[in-house]
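What follows is each chain in one-letter form.
2 protein chains.
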Amino acid sequence: MTIHADTPPVSSATGRPLTKRGQETRRRLLEAAEQVFADLGYHEASIVKITEHAGVALGTFYLYFDSKQSIFEALVIDLNSRVRHSMSEAMAGATNRIEAEGLGFEGFFRFTAEHPALYRVVREAEFVSPATLKLHYERIVDGYRAGLDAAQRDGEIAAELDTEVVAWALMGAGELIGMRYLLWERDAEGRPPAKIDPAVLAGMSGFIARALRPDTTEGTDR
Amino acid sequence: MTIHADTPPVSSATGRPLTKRGQETRRRLLEAAEQVFADLGYHEASIVKITEHAGVALGTFYLYFDSKQSIFEALVIDLNSRVRHSMSEAMAGATNRIEAEGLGFEGFFRFTAEHPALYRVVREAEFVSPATLKLHYERIVDGYRAGLDAAQRDGEIAAELDTEVVAWALMGAGELIGMRYLLWERDAEGRPPAKIDPAVLAGMSGFIARALRPDTTEGTDR
Numbered sequence: 777m778t779i780h781a782d783t784p785p786v787s788s789a790t791g792r793p794l795t796k797r798g799q800e801t802r803r804r805l806l807e808a809a810e811q812v813f814a815d816l817g818y819h820e821a822s823i824v825k826i827t828e829h830a831g832v833a834l835g836t837f838y839l840y841f842d843s844k845q846s847i848f849e850a851l852v853i854d855l856n857s858r859v860r861h862s863m864s865e866a867m868a869g870a871t872n873r874i875e876a877e878g879l880g881f882e883g884f885f886r887f888t889a890e891h892p893a894l895y896r897v898v899r900e901a902e903f904v905s906p907a908t909l910k911l912h913y914e915r916i917v918d919g920y921r922a923g924l925d926a927a928q929r930d931g932e933i934a935a936e937l938d939t940e941v942v943a944w945a946l947m948g949a950g951e952l953i954g955m956r957y958l959l960w961e962r963d964a965e966g967r968p969p970a971k972i973d974p975a976v977l978a979g980m981s982g983f984i985a986r987a988l989r990p991d992t993t994e995g996t997d998r
Numbered sequence: 777m778t779i780h781a782d783t784p785p786v787s788s789a790t791g792r793p794l795t796k797r798g799q800e801t802r803r804r805l806l807e808a809a810e811q812v813f814a815d816l817g818y819h820e821a822s823i824v825k826i827t828e829h830a831g832v833a834l835g836t837f838y839l840y841f842d843s844k845q846s847i848f849e850a851l852v853i854d855l856n857s858r859v860r861h862s863m864s865e866a867m868a869g870a871t872n873r874i875e876a877e878g879l880g881f882e883g884f885f886r887f888t889a890e891h892p893a894l895y896r897v898v899r900e901a902e903f904v905s906p907a908t909l910k911l912h913y914e915r916i917v918d919g920y921r922a923g924l925d926a927a928q929r930d931g932e933i934a935a936e937l938d939t940e941v942v943a944w945a946l947m948g949a950g951e952l953i954g955m956r957y958l959l960w961e962r963d964a965e966g967r968p969p970a971k972i973d974p975a976v977l978a979g980m981s982g983f984i985a986r987a988l989r990p991d992t993t994e995g996t997d998r
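From first to last, the protein sequence lines stand for chains A and B.
Take the first sequence: its position 58, counted from the start at 1, is 834 in the working numbering, and no numbers get skipped.
Take the second sequence: its position 220, counted from the start at 1, is 996 in the working numbering, and no numbers get skipped.
You may find that some hints are simply not true.
[Stated by the list, open to error] Computed cross-link-like contacts, EDC-like style, restricted to lysine to aspartate or glutamate with a CA-CA straight-line distance of at most 20 Å:
1. A:K910 <-> B:E961
2. B:K825 <-> B:D842
3. A:K971 <-> B:E940
4. B:K971 <-> B:E865
5. A:K910 <-> B:E902
6. A:K910 <-> A:D854
7. B:K971 <-> A:E940
8. B:K910 <-> A:E902
9. B:K825 <-> B:E807
10. B:K825 <-> B:E800
11. A:K910 <-> B:D963
12. A:K796 <-> A:E807
13. B:K971 <-> B:E961
14. B:K796 <-> B:D854
15. A:K825 <-> A:D815
16. A:K825 <-> A:D842
17. B:K910 <-> A:D963
18. A:K825 <-> A:E800
19. A:K971 <-> A:E890
20. A:K971 <-> A:E882
21. B:K910 <-> B:D854
22. A:K971 <-> A:E961
23. A:K971 <-> A:E865
24. B:K971 <-> A:D938
25. A:K825 <-> A:E807
26. A:K796 <-> A:D854
27. B:K910 <-> A:E961
28. A:K971 <-> B:D938
29. B:K971 <-> B:E882
30. B:K825 <-> B:D815
[Unchecked claim] Quick list of simulated restraints, FRET-style, between CB atoms:
31. A:E961 <-> B:R967: 39 to 45 Å
32. B:R967 <-> A:G966: 45 to 51 Å
33. B:D918 <-> A:S864: 33 to 39 Å
To be clear, the hints were calculated from the coordinates, so they are not data collected in a lab.
Just so you know, even glycine gets a beta-carbon here, dropped at the ideal spot from N, CA and C.
Bound conformation, chain A alone (with noise of 0.2 Å):
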């Protein structure tokens, strides 16, 4: 398996970058891809269900992707890198690393609202694509632990934390938080919340940054 990410995307027939239209259709594509892994789970799911979904020919998918399991694999690649936007675009407006830390799992989990096919999809992964899953959790962790590793340079977060250990830590915590409160919570009507409960969101930041608060000797000499 070979995994391409962060990079244009080619044709899988031609190996050259996609024009406008063609990343418009591969976008299709994926959004297809999500909702009929997630309603189907990847067994049930075919490639001629998604082109169903997505309104394109049959023939057109092999212009994009050479099989399922490339077309699920892509979809691991696609919501983590929006996962991940959505968690840096909710820290851009924070001003410091404590704070940022709340307001990228404010981040996480309005996406985790919007995009509930992300659980199962990740779940699937470790059976359907374990190389994909581990990437999955490794981008999210390294771009955590960069941002925790500057905070501690600039004393904004203890010094004594692992900041290895602590990304993932992090990661655990957002993911059950996420599964709890918004997978598994219905309103009376049965439905979904739209987003997360606030106390909730306070109390899993306040317990971050808890954990993260320097020592109150650290930095005096600042």
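On the provided structure of chain A, position chain B as indicated by the hints.
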């Protein structure tokens, strides 16, 4: 689906409690199921493969379980009670809640190293039996939360923490740390580690201790 958990196992054929020998056969079947589901996944696994692996006649299976789905659910429940046992056993020596948290994770990681099937089975449960998956998480969280609530009453952890949210966050943190540093880790010979890297455990315990510890101004009148 009916889940009779934490009650003595009964024969699926007679509805009566199992004899000691019956319990041993049931245990053999569950151990075989753990191996078979972990190696092959739910779809490829079969009752025949499980009974062959257990060295038990096919007909005997139905004295204990009704179907592949029912032994899968029983396995999740069984792994769940064993991982919780491993955690509480590890916590028994703690002198306070923050130390207990660190030891509880050690118990969780020890069980994960010995039963790598836990992760695969739990993740497949999302697709095979969502209600059992929910039960698995909720039982761990309920135990956690009860401990955190008691510690909060005793002033051992910060009063402001939302113990329910924290319990979900901690479980998620433990899950991904276990995935990254046990399931994905390989030594020079390509073998999974027998136990978690002590530095990772220390990083995790330190992170949790920081998040939970009471503010220095708290409890000074105690």
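Against the structure, the hints:
Taking the CA atoms of A:K910 and B:E961, the gap is near 12 Å; set against the 20 Å cutoff, the hint holds. Distance hint between B:K825 and B:D842 is fulfilled; the C-alpha atoms sit about 15 Å from each other, no more than 20 Å. For the suggested pair A:K971 and B:E940, the alpha carbons sit about 18 Å apart, so the restraint of at most 20 Å is met. In summary, the hint linking B:K971 to B:E865 is supported, as the alpha carbons are separated by about 17 Å, within the 20 Å threshold.
With a C-alpha separation of about 19 Å, the suggested pair A:K910 and B:E902 falls inside the 20 Å cut-off, and the hint holds. For the hint linking A:K910 to A:D854, the alpha-carbon distance of about 14 Å falls within 20 Å, and the restraint holds. A hinted pair counts as satisfied when its Cα atoms are at most 20 Å apart, and B:K971 with A:E940 qualifies at roughly 18 Å. Distance check on the hinted pair: B:K910 and A:E902 sit about 19 Å apart at the alpha-carbon level, within 20 Å; holds.
Proximity of B:K825 to B:E807 is assessed by CA-CA distance (about 12 Å); at most 20 Å being required, the pair is judged to hold. Of the supplied pair hints, the one linking B:K825 and B:E800 holds, its CA atoms being roughly 19 Å apart against a limit of 20 Å. Restraint check: the Cα-Cα separation between A:K910 and B:D963 comes to about 18 Å, which is no more than 20 Å; the hinted pair holds. Proximity of A:K796 to A:E807 is assessed by CA-CA distance (about 17 Å); at most 20 Å being required, the pair is judged to hold.
Our distance criterion of 20 Å between C-alpha atoms is met by B:K971 and B:E961, whose separation comes to about 10 Å. Among the hinted pairs, B:K796 with B:D854 is consistent with the structure: their alpha-carbon atoms are about 17 Å apart, no more than 20 Å. With a C-alpha separation of about 11 Å, the suggested pair A:K825 and A:D815 falls inside the 20 Å cut-off, and the hint holds. About 15 Å separates the Cα atoms of A:K825 and A:D842, which keeps this hinted pair within 20 Å; it holds.
Taken as a hint, the B:K910 and A:D963 pair is honoured in the structure, with Cα atoms around 18 Å apart against an allowance of 20 Å. Proximity of A:K825 to A:E800 is assessed by CA-CA distance (about 19 Å); at most 20 Å being required, the pair is judged to hold. At roughly 9 Å between alpha-carbon atoms, A:K971 and A:E890 fall within 20 Å of each other, so this suggested pair holds. For the hint pairing A:K971 with A:E882, the CA-to-CA distance comes to about 9 Å; that is within 20 Å, so the pair holds.
For the given pair, B:K910 sits about 14 Å from B:D854 by alpha-carbon distance, which is consistent with the 20 Å threshold. Restraint check for A:K971 and A:E961: satisfied, since their Cα atoms lie roughly 10 Å apart, inside the 20 Å limit. The hinted pair formed by A:K971 and A:E865 meets the criterion: a straight-line CA distance of about 17 Å does not exceed 20 Å. The straight-line distance between the Cα atoms of B:K971 and A:D938 is roughly 19 Å, inside the 20 Å bound, and the hint therefore holds.
A hinted pair counts as satisfied when its Cα atoms are at most 20 Å apart, and A:K825 with A:E807 qualifies at roughly 12 Å. Proposed proximity of A:K796 and A:D854 is supported: the alpha carbons are some 17 Å apart, at most 20 Å. Between the alpha carbons of B:K910 and A:E961 the distance comes to roughly 12 Å, so the proposed pair stays at or under 20 Å and holds. Pair hint A:K971 plus B:D938 holds up; C-alpha atoms about 19 Å apart against a cutoff of 20 Å.
Between B:K971 and B:E882, the direct Cα distance comes to roughly 9 Å. Compliance with the 20 Å bound is thereby established for this hinted pair. For the hint linking B:K825 to B:D815, the alpha-carbon distance of about 11 Å falls within 20 Å, and the restraint holds. Between A:E961 and B:R967 the CB atoms are about 41 Å apart, so this pair conforms to the stated range of 39 to 45 Å. At about 47 Å, the beta-carbon gap between B:R967 and A:G966 stays in the expected band of 45 to 51 Å.
Range check, B:D918 to A:S864: about 35 Å between beta-carbon atoms, so the 33 to 39 Å window is met.
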